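A.B. asks: Given next are the chains, with one letter for each unit.
Protein chains: 4
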Amino acid sequence: MASNTFGKLFAVTTFGESHGPAIGCVIDGCPPGLAIAPEDFPHDLERRATGRTRHTSARHEADEVEILSGVYEGVTTGTPVALLIRNTDARSKDYANIAAQFRPGHADYTYWQKYGIRDPRGGGRSSARETTMRVAAAVVAKKWLAEKYGVQVRGYLAQIGDVTPRAFDVDNVEWAVVESNPFFWPDATQVAELESYMDALRKSGDSVGARVDVIADGLPPGWGEPIYGKLDGELAAALMSINAVKGVEIGDGFASVAQKGSLHRDEISADGFLSNHAGGILGGISTGQDLRCSTAFKPTSSLRLPVQSLDTAGNVVEVVTTGRHDPCVGIRATPICEAMVALVLMDQALRHRAQCGDVGEVSPRIPAKADPKKPDSGKPDSGKPDSGKR
Amino acid sequence: MASNTFGKLFAVTTFGESHGPAIGCVIDGCPPGLAIAPEDFPHDLERRATGRTRHTSARHEADEVEILSGVYEGVTTGTPVALLIRNTDARSKDYANIAAQFRPGHADYTYWQKYGIRDPRGGGRSSARETTMRVAAAVVAKKWLAEKYGVQVRGYLAQIGDVTPRAFDVDNVEWAVVESNPFFWPDATQVAELESYMDALRKSGDSVGARVDVIADGLPPGWGEPIYGKLDGELAAALMSINAVKGVEIGDGFASVAQKGSLHRDEISADGFLSNHAGGILGGISTGQDLRCSTAFKPTSSLRLPVQSLDTAGNVVEVVTTGRHDPCVGIRATPICEAMVALVLMDQALRHRAQCGDVGEVSPRIPAKADPKKPDSGKPDSGKPDSGKR
Amino acid sequence: MASNTFGKLFAVTTFGESHGPAIGCVIDGCPPGLAIAPEDFPHDLERRATGRTRHTSARHEADEVEILSGVYEGVTTGTPVALLIRNTDARSKDYANIAAQFRPGHADYTYWQKYGIRDPRGGGRSSARETTMRVAAAVVAKKWLAEKYGVQVRGYLAQIGDVTPRAFDVDNVEWAVVESNPFFWPDATQVAELESYMDALRKSGDSVGARVDVIADGLPPGWGEPIYGKLDGELAAALMSINAVKGVEIGDGFASVAQKGSLHRDEISADGFLSNHAGGILGGISTGQDLRCSTAFKPTSSLRLPVQSLDTAGNVVEVVTTGRHDPCVGIRATPICEAMVALVLMDQALRHRAQCGDVGEVSPRIPAKADPKKPDSGKPDSGKPDSGKR
Amino acid sequence: MASNTFGKLFAVTTFGESHGPAIGCVIDGCPPGLAIAPEDFPHDLERRATGRTRHTSARHEADEVEILSGVYEGVTTGTPVALLIRNTDARSKDYANIAAQFRPGHADYTYWQKYGIRDPRGGGRSSARETTMRVAAAVVAKKWLAEKYGVQVRGYLAQIGDVTPRAFDVDNVEWAVVESNPFFWPDATQVAELESYMDALRKSGDSVGARVDVIADGLPPGWGEPIYGKLDGELAAALMSINAVKGVEIGDGFASVAQKGSLHRDEISADGFLSNHAGGILGGISTGQDLRCSTAFKPTSSLRLPVQSLDTAGNVVEVVTTGRHDPCVGIRATPICEAMVALVLMDQALRHRAQCGDVGEVSPRIPAKADPKKPDSGKPDSGKPDSGKR
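Protein chains in written order, with this note's numbering: chain A, 1 to 390; chain B, 1 to 390; chain C, 1 to 390; chain D, 1 to 390.
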């Protein structure tokens, strides 16, 4: 229930400040019998990491994950899995000059108003560094979801500033393309253009926002809890809790406002749903179709361009940020969005089997074909018991 | 923690089906000393109710609130406040013919997949009838927020289908106009046009979506809990949990994606913030400015127009809905959105004083002027103790 | 998480005051497919009720349960089950004269100190009337536990004042005897003696305490969550939350203090455990043996015998209670203790299958014979799926 | 909500196994402005530690606490406080021979039944090593409670085996005596006798249980939440969750059963309560008197004396424990019991001010004199704001 814990049954508690000695998390409620090793983490942590391309900020962290507990002979035991990452490249002097100032668009002002004290080094707890542990925890969730249910959670960048993908089919995302460029961009023909766009942006000293889409496929129907624990409600909370997020959509999102009901409602044929305007959720519960959500990231506020603000004494000051920052924080937010979706799904999967037994147990199901355009997307439930992983 | 409870400290548990004997809620954690009477509820319940204009569905419910507990001699005692409303106009025969069919765009299919059983009468638990108790519970929250902190939570309709307000200043919403027309529309000059629009829509048998904006003013800085209990994260969950919602925005929302950082970040002058792109929240904590959020409602799926679907045996059927339904469910969603915002604020207010003491206690604050364009919006904290209401 | 909700997954929220219009509860998280009818409740409610014998207080309540939601065609649907009981025999005038006084040994003083206000009618929320809804909610839990796992939860009175059962074998409680006398007493030869004891006590105007033992049999091994959600920890909380309880023991309880380890530790043979000093719990997790716990009830404080106290103005007053009260509240606490044990087990059962899958799924188990002295006590898991009850 | 987290608002999540790389905790919800340094921890950690006298087990851990987060310039910031202790003296070979055996009286059997896997090294998660972090977290709670409210939480040993203190006044515990002997024994005249008793016990290879009493003084009235969040209910859960605990009492506990109501109910005079049979709690809420609770510890089950058991294949084996173990685990449980009481009080203090404002805010209080025999025990509320510590 405390605010640094995410999830009800697969409960992830994170801690740590940007420039403190370490960041970490405790995963409580993990099913026993899942193989977890330090080698599982680097892939997603590097996708999220700063300093990987010239388009993201210059901080270089090794992000080496130490598993402190909950794993015995390489397998989860059902007790809390604690993960620790030491901070190694924390240059606090970069921030010393603005310790007493409130950077506009940042949490400086509000933390100070709330707590009467704040750790100014690198944004302290409000830094995007915190999202590292979301990604680390989600490595465990992604692995379990894939092994037990065949669920895959993948994201891509759907907009940078006013640039959107040109040749792009949301029903057939080319994931190899997404993973092969530094922008998680689904249209390979635009990568060079984006490089130029970002270079120009960086030179200008300004920043832009981004839109991240996440698709989860292989989801069984039945996950999600009405009324206030709806799958879409928890996805919204999860995604909105990421730094710099200003909007969340499920399925057609805000475009639904101007749609007609006769268009929006997804017809069902003998072969399954004929469209997916709903984004794979009805009444807060998964339909078995692809889960689709979008997240809006604001442009970063830490700019070389001066801006008016106050200091803690109430005086007007001019703030210029010279530290390391991304001109578009949304780019490396892609794995963070994936992580939050995976954490929500993991938690809902456990909650579903608590109340209703495991997938398929309550009632014989209509063999719902998730999406007729993508006959291979609806992987059958593996039906593997938890202990099958050992 | 259970999914029919909303809020951590001001915890509202709702129950009831559309055509069951009654709907109700239990409010746990209400501060003692607040005057509450049956007369407090009809105003907002009528704003939400069906059957008030020809533009919403024809169900007529008295919605009489019985206070079952937690109030002694007209004042809350700190024990659970239970509210009960009997269902009186539940015509289940309207729905009998589709009990075994899955209405596309509805929760029929997913409830059945999850639970293996569903109450088909009027949508059962997934009916919008459930939102009645959200509004009722929020009457208590709104009253406490107003009395203790001077906070007001008000909404208006910002879009129906593709129609948007013409003459409209978000910094100076004319609330009297909003309350004087059946559409909660902020531009009085468009009401006749909307009447025609809705009449045509109803005749066509189709439906459209809507966008609802909510503004809360008078908010002190400091409410909201990083990291996973962020004020915006919980607003997103709260709003997305309303039936038919497909998107949530805070402040500039998805428009932030195409904005430059130099525009989006809100400068702070000696007189307070100079703009409010953030929507009154930074780092998940209130800034003291107006809180602004938007919610996208999909078009209702219950239409006279036939649609293909399945029955519970897996056969293809044609579904036609002949029961009472709104051609635009978003219209009467305005008070529901207000309710969810009020419930989130109430809960966060209590959580803030749990950790940090009451507003203003932790540190002397900069006298933040919330919004220089609206010098009267930032009502000073009343500082009234809870017991002051008796 | 709020304090009037019990349980994490099988979450029971109760409300209502002794002399308010009604008491009730909302059960959230109930598995779907369980048959529940109004006829299920009277048996346990009558066991708990006041006014049944001359040895308990004279209040006569019909205790008619109305099922308001969550049940469709006689079967739970997975949505909240709300139960309501109207108060009919609330004679508030009995208490009017002590509204401004603090009855020693009662919650009057502390409620007033905490909330600054209290409902004095019949003790308000602090009345034992509240326990009615615990018993009602537990009817649902007991039924599910029995049908799905063969678990039975039964209690008896193990001490009244200084009287204890004479001929009594804890391994072979004669439940028919327990249910056939008004004291839930396991030794039929003492009933007449207890009648005389209670008559003398009532004449004296004084009261005594009682000890209630509860045994749950048929429990599978594996229920309970280390570390802070231990089965025994939650039983302790559950039982201590009952009005007038001052102590809780698991297994040998306080007698363990003077025991040697070589005696206390329960040996395991090829036929199962050879003793049960632990009370069926090790490391916070059920062993599969009988679960055994004891609860100490203090003597009621509402007596005809005068006692010194204060009024709300701080003046010394003499308090004499003339209302209806039990000379031994512990007698009818037996079904309340059973109820709390059942609620804990139900919640833990759901939590277990959330993390580990259903009973027996994680690993092939040693065929643990629960208790060699009682070869019939360890009913095999029925293995019936939830949906099997429909 | 997860089971390795304790507390609702002051939420402590612990992790770590006895012989894993480290143990640690995350304290979420700590009020800002509290001075915390590594030097605050050794006092209580040493009181709990093994290896300090020849009467406790021989493991030697440095127990050096590293503060990983949540503290800036020596002061809590309101963000999660993570504490880490590396395990340095973990001799796993001691346990290798019993990895496949279930030690009677231990969690071996039940962990294996629940999870299908267990970490056998030193008992893994079920080891008393876990309690180290309870004590560490409680250092923070004790400090805040003392600084803000003048609350002190102190324990002593009230029984070892069948030995009880001779000359002993529960109303005037000589705390200096308690802290000056290795048994936390309140009667200095018996220390030599206890030394002999323990020496003989160790030689015999057997073990005994113990009773620990904890007294908290300075408590204001009003802490505790009816109904299921009662102060005594949460104390029972907290204490019962400690390894080896089999019973919990509040005030007179099980002795209440044989008491008369006219004795048990605590009269109130103009000078305050005249007795404290209730143990400082009525209706689940603190009275302002001394809080008194007792905890029963079973004798440790790890003995040199052989015992029959099973191995994981179901074969009968003879188990002999040769590792390091205490002949009376209850001795060093004293600071653990204090810790759990402090954590409960801290959490309830925050919850009280969430709902009712800070102590004394709701209503002018009767100047309750906690205990007329101990005129100095009821320290007045310091009334210091949270920010006063900076």
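Hints are computed from structural coordinates only; laboratory data are not their basis.
Don't take every hint at face value.
Pairs count within a copy or across copies, as identical chains cannot be separated in the list.
[As the list claims (entries may be wrong)] Derived DMTMM-like pairs: lysine to aspartate or glutamate, alpha-carbon spacing no greater than 20 Å straight-line:
#1 Lys260 to Glu318
#2 Lys143 to Glu318
#3 Lys260 to Asp199
#4 Lys203 to Asp169
#5 Lys143 to Asp89
#6 Lys260 to Glu73
#7 Lys143 to Glu46
#8 Lys143 to Asp187
#9 Lys260 to Asp89
#10 Lys260 to Glu193
#11 Lys260 to Glu174
#12 Lys260 to Glu64
#13 Lys260 to Glu361
#14 Lys203 to Glu64
#15 Lys143 to Glu61
#16 Lys203 to Asp63
#17 Lys143 to Glu66
#18 Lys143 to Asp271
#19 Lys143 to Glu39
#20 Lys203 to Asp171
#21 Lys260 to Glu195
#22 Lys260 to Glu179
These numbers were taken from a predicted model, which means no experiment stands behind them.
A.B. asks: Give me the numbers of the hints this structure contradicts, sorted from smallest to largest.
C.D. replies: 2, 4, 5, 6, 8, 9, 11, 12, 13, 14, 15, 16, 18, 20 and 22
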